[in-house]
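Participant: Order-wise, the sequence lines are chains A and B. 213 is the number that the working numbering gives to position 212 of the first sequence; each next residue is one higher, with no gaps. 320 is the number that the working numbering gives to position 76 of the second sequence; each next residue is one higher, with no gaps.
These are computed hints drawn from the structure, not numbers from a lab. There may be inaccurate statements among the hints.
[Unchecked claim] Taking CB as the label site, the calculated pair distances span: (1) Gly111/A to Lys559/B: 32 to 38 Å; (2) Pro522/B to Asp191/A: 56 to 62 Å; (3) Glu545/B to Gln274/A: 36 to 42 Å; (4) Asp277/B to Asp191/A: 23 to 29 Å; (5) Asn197/A to Ile321/B: 17 to 23 Å; (6) Glu541/B to Asp250/A: 32 to 38 Å; (7) Asp191/A to Glu545/B: 50 to 56 Å; (8) Pro385/B to Asn197/A: 39 to 45 Å.
Even glycine gets a Cβ: it sits at the ideal position worked out from N, Cα and C.
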Amino acid sequence: MPDIQELQKICSQVRRDIVRMVHKPQSGHPGGSLGCVEYFVALYFNIMKHNPKNFTIDGKGEDLFFLSNGHISPVFYSTLARSGYFPVKELDTFRMIDSRLQGHPTTHEGLEGVRVASGSLGQGLSVACGAALTKKMNGENTLVYSLHGDGEIQEGQIWEAAMFAAHHKIDNLISTIDYNGRQIDGDTEDVMSLGNVEAKWQAFGWHTMKMNGNNIEEVISGLNQAKAETGKGKPIMIIMTTEMGQGVDFMMGSHKWHGVAPNDEQLASALSQLEETLGDY
Amino acid sequence: MEKTLPKFVSTEKKDTRSGFGDGLYELGQKNKDVVALCADLTGSLKMDKFEKEFPDRFFQVGIAEANMIGVAAGMTIGGKIPFTGTFANFSTGRVYDQIRQSVAYSGKNVKICASHAGLTLGEDGATHQILEDIGLMKMLPGMTVINPCDYNQTKAATIAIAEHKGPVYLRFGRPKVPVFTDPNQKFEIGKALLLNEGTDVSIFATGHLVWEALKACEALAEEGISAEVINIHTIKPLDEEAVLASAKKTGCVVTAEEHQYNGGLGESVARVLSQHLPTPMEFVAVNDSFGESGTPEQLMEKYGLSSNAIIKSVKAVLQRK
Ligand SMILES: Cc1ncc(C[n+]2csc(CCOP(=O)(O)OP(=O)(O)O)c2C)c(N)n1
Ligand SMILES: [Mg+2]
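Using the sequences plus the hints, can you model the full thing?
Facilitator: This is the structure:
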């Protein structure tokens, strides 16, 4: 298993992939993607039991991950490719015609690593609940992970799933909120305030935790703590603080880079801040 | 049916969503009862001008479309005229039962304004490219369904629907497309517009496909084929008289739309014709498939929605006359 230094190198490469991926088609979502790099790298290179070389939709005997905030597909695709699900050079086709790397993740073109389409927000927690229930019914001792945007939890369906998961004691589910405080129209606080997020999930019957999502060591120890809480009758929600645009100075500090692609100059500036560690695709 | 422009010239390109944004802003000045709601897409829907100028009449609902439709329905009780704004996918499929029960069945005066409709949304891909929305909305009793063709017409339609009492679905798009209709046009709901008189074939087009139909018409003219082009900006209620009159004159019909065959304009036209005047028809629409990522131009070509596709369909239908 890669050590912390190696994981940090992977993070740097994934960040390069992200900005390059959205630059080529001049479209996509770098902000949330950059903020969630440590989470993805920890999950796919350290935490999850999974089988990249032999992908099946059912993932029998594997831990599963569901991306509910599908717009951060760049970080998802880069991590999948870098961990061996499909060739890294395919990242070059992101958002282009005839690609398997659609703007938002989909099973439609058979891309390895994706188990359900997402992009229309608010649907992934329900799907993760269903998959986690099936794991239990099949007598598996494996886990299901899901990631959600903080803006995304404004959708009512999230709270329908929240109630469902607690009621059915889905305690093999570790969900995470990308708590970056930003969404398209501005700060979540200004658009539609989330109030006390942790208290809300607790009130819905979840075990809650907090972690800093932009420190790889904290993410790994946080996810390991979450694992230790599984099997105790409650679903688990990690409220993960991140910085939108993390790692590229001019993309940090506001919501502006939620869904904007860098131009040539901005790309060069971004890449100069991110070390090429594993080789660009 | 009214006759409009004799010639198709366009000197600039603009997005139809900006027509909506500018129309809404003008409405804000004219009509104190107009209120607007948006689900975290204010910039994409070009509602920011309205938001800035009329903050007391603008309501940000966050990423919560179902709630937005319900709140809009509630605001009509007491006389407001709510305009809701989000992408077409989240304006229809996402909130279908909320629209059906709280708006359509309850007869509420809500204007559902939907941007980024169809394939021309582009790179975001199939999750966002709804091609079923016209069908979903036209099936609802009492719902008016409008799909204007350019910036000027979208602006005029936005202003016109505030005067209409009852639920309206207004569909527009993301890309910059040719502007070719009159900036001072008066928009009449349910009135088809004759853009070019012809004798060999009738092309009924809606939305972005109207310009493609005009391009096809020009190319066909060079081959000696005289095409009548009619802009069906209102899919429901359909201008049946205009459809029947043109079909009777030309004897064959092509419909063109950025939507699935199933449930689209073509089916509405086919129903009228098969009932009153069976006529050979061809359909330019998406053939029972989801879209994908790509540029709008690439997608319109790949999925058979370009002027080339219209020309092909015209030639096919002429064979069947
Ligand atoms: C149902 C639905 N409504 C609206 C959108 C448009 N949309 C895409 S991302 C986004 C903001 C998401 O905010 P958040 O979940 O906080 O993600 P972040 O901006 O932090 O990446 C919106 C409104 C969507 N994709 N799905
Ligand atoms: Mg956010």
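Participant: Hint by hint, note whether the structure agrees.
Facilitator: Here is what the structure says about each hint:
1. Gly111/A to Lys559/B: 32 to 38 Å: The hint (32 to 38 Å, Cβ to Cβ) holds, given that Gly111/A and Lys559/B are roughly 36 Å apart.
2. Pro522/B to Asp191/A: 56 to 62 Å: holds (58 Å)
3. Glu545/B to Gln274/A: 36 to 42 Å: Since Glu545/B and Gln274/A have Cβ atoms about 39 Å apart, the given range 36 to 42 Å holds.
4. Asp277/B to Asp191/A: 23 to 29 Å: Holds, since Asp277/B and Asp191/A (Cβ atoms, about 26 Å apart) stay within the stated range.
5. Asn197/A to Ile321/B: 17 to 23 Å: About 32 Å separates the Cβ atoms of Asn197/A and Ile321/B, which means 17 to 23 Å is violated.
6. Glu541/B to Asp250/A: 32 to 38 Å: holds (35 Å)
7. Asp191/A to Glu545/B: 50 to 56 Å: violated (41 Å)
8. Pro385/B to Asn197/A: 39 to 45 Å: holds (43 Å)
Hints 5, 7 from the earlier list are contradicted by this structure; the remaining hints agree with it.
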